[in-house]
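*Asks:* Listed here are the chains, written in short residue letters.
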Amino acid sequence: MAGQCKKIMYLHRRAPYGTVYAQEGLEVVLIGAAFDQDVCMAFVDDGVYQLKAGQDTSAVGMKNFSPAWRALGDYDVTRLYVERESLDERGLREEDLMPLRYEDENDDWAEKSSIVIVDRKEIGRLIDAQDVVFNF
Amino acid sequence: MPVLHTVNKSPFEKNALDSCLSHALDGSTLLLIEDGVYAAMRASSIEPRIRRALKRLRIHVLENDCRARGISEDALIEGVGSVDDAGFVDLVVEHDNVQAWL
Amino acid sequence: MKIGLLVNEGPYQHQAADSAYRFACAALAKGHEIFRVFFYHDGVNNGTRLMTPPQDDRHIQQRWSELARTHGVDLVLCVAAAQRRGICDPDEAKRNAKDADNIAPGFRISGLGQLVEAAIECDRLVTFGD
Chain G
0 MAGQCKKIMY
10 LHRRAPYGTV
20 YAQEGLEVVL
30 IGAAFDQDVC
40 MAFVDDGVYQ
50 LKAGQDTSAV
60 GMKNFSPAWR
70 ALGDYDVTRL
80 YVERESLDER
90 GLREEDLMPL
100 RYEDENDDWA
110 EKSSIVIVDR
120 KEIGRLIDAQ
130 DVVFNF
Chain S
0 MPVLHTVNKS
10 PFEKNALDSC
20 LSHALDGSTL
30 LLIEDGVYAA
40 MRASSIEPRI
50 RRALKRLRIH
60 VLENDCRARG
70 ISEDALIEGV
80 GSVDDAGFVD
90 LVVEHDNVQA
100 WL
Chain E
0 MKIGLLVNEG
10 PYQHQAADSA
20 YRFACAALAK
30 GHEIFRVFFY
40 HDGVNNGTRL
50 MTPPQDDRHI
60 QQRWSELART
70 HGVDLVLCVA
80 AAQRRGICDP
90 DEAKRNAKDA
100 DNIAPGFRIS
110 GLGQLVEAAI
120 ECDRLVTFGD
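These protein sequence lines map, in sequence, to chains G, S and E.
Under numbering that gives the first Met the number 0, the residues of the first sequence are numbered 0 to 135, in order.
Under numbering that gives the first Met the number 0, the residues of the second sequence are numbered 0 to 101, in order.
Under numbering that gives the first Met the number 0, the residues of the third sequence are numbered 0 to 129, in order.
Hints listed in this document are in silico derivations from the structure and should not be mistaken for laboratory results.
The structure displayed is predicted, hence computed values, not measured ones.
Glycine residues also receive a C-beta, built at the ideal position from the N, C-alpha and C atoms.
One or more hints might be untrue.
Computed far set for chain S versus chain G, every beta-carbon distance over 12 angstroms [said to hold, decoys possible]:
1) Ala15
2) Ser21
3) His22
4) Arg50
5) Arg51
6) Glu93
7) Leu101
FRET-style restraints, in silico, Cβ to Cβ [as the list claims (entries may be wrong)]:
8) E:Arg68 - S:Lys54: 39 to 49 angstroms
9) S:Gly78 - E:Arg68: 38 to 48 angstroms
10) S:Ala85 - E:Glu65: 15 to 25 angstroms
11) G:Asp55 - E:Tyr11: 28 to 38 angstroms
12) E:Ala96 - G:Val59: 28 to 38 angstroms
13) G:Val59 - E:Asp90: 26 to 36 angstroms
14) S:Ser71 - E:Gln54: 26 to 36 angstroms
15) G:Thr18 - S:Glu46: 25 to 35 angstroms
16) G:Asp55 - S:Gly78: 31 to 41 angstroms
17) E:Gln54 - S:Gly78: 38 to 48 angstroms
Input sequences plus hints: build the corresponding full structure.
*Replies:* Put into structure tokens, the structure is as follows:
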């Protein structure tokens, strides 16, 4: 495995809380970061709801795992593709999402947004370009 | 070969098929498994979508999942292929990557 | 070819475990290697030896255990998912002061790194889930 660098995408298509997939999917991303691969994430369909700002689970008795998204930059997961059509269909705009940022080590640690809004065609091309796609 | 997409949901229940079809690049392959095979039956409201998709994708159903659901070969939309479990393995091997639309 | 499988759903609830098993058998029959089957989410419930299906039904756990025994397939349950769902091996049972363990023969409990490793090591990763 030494020296292997695969293109890995974590494709999230489900809303948080209703099922466990989003939360346990995030756990894979965090663990996977240790493997030093070429990683990106894509949020498609209900997956865009995972990044919705203002999540507060205190009254439903479940763990609010959304703050963990903010840690992704520290794990070198800095490309989060969010599908424009999925946002549009749900009446969401980029401003409705949590601001997720990282410090770019190749650009004097300038703070940049990890979120990249792309259209459906581009998501299709990105999927095609991966060695492995995880679906959560 | 490009991506092998799998869809395991009835198109009447979830958007997995639509999402798959709207993302799959021309020339890729779709394998319908489990409840996904219902999409390949003739005369449903899904048929026009499958017929359109057949112009740019190869589409197969998993034979054993069809048989389990009482779907005979002649009930399938023309142009949809049928593979057995070994054929599923071959498709996985032939393609560079497998994308499961769950 | 080296193939990894990911099973995300529990037995009997969803066809995923059956589909994955059929795929594994077909791949082995064709001479491919099943490098690992990783069980995640409710998929960890495939690995409890306490399941007792009716006699006229398939025994999903025993089928997997048999595959491990005859073909040496590595069956791995995600530790975090397993702990949440009450699946444990003797070590885990001891560590968490449980009065019993329930892991089935041929299965082992390990971390999510085993899934990522399988994705990197294998030529293909095939996912079965809901």
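*Asks:* Identify every previously stated hint that the structure contradicts and give their numbers, smallest first.
*Replies:* Those not satisfied are hints 1, 2, 3, 7, 16.
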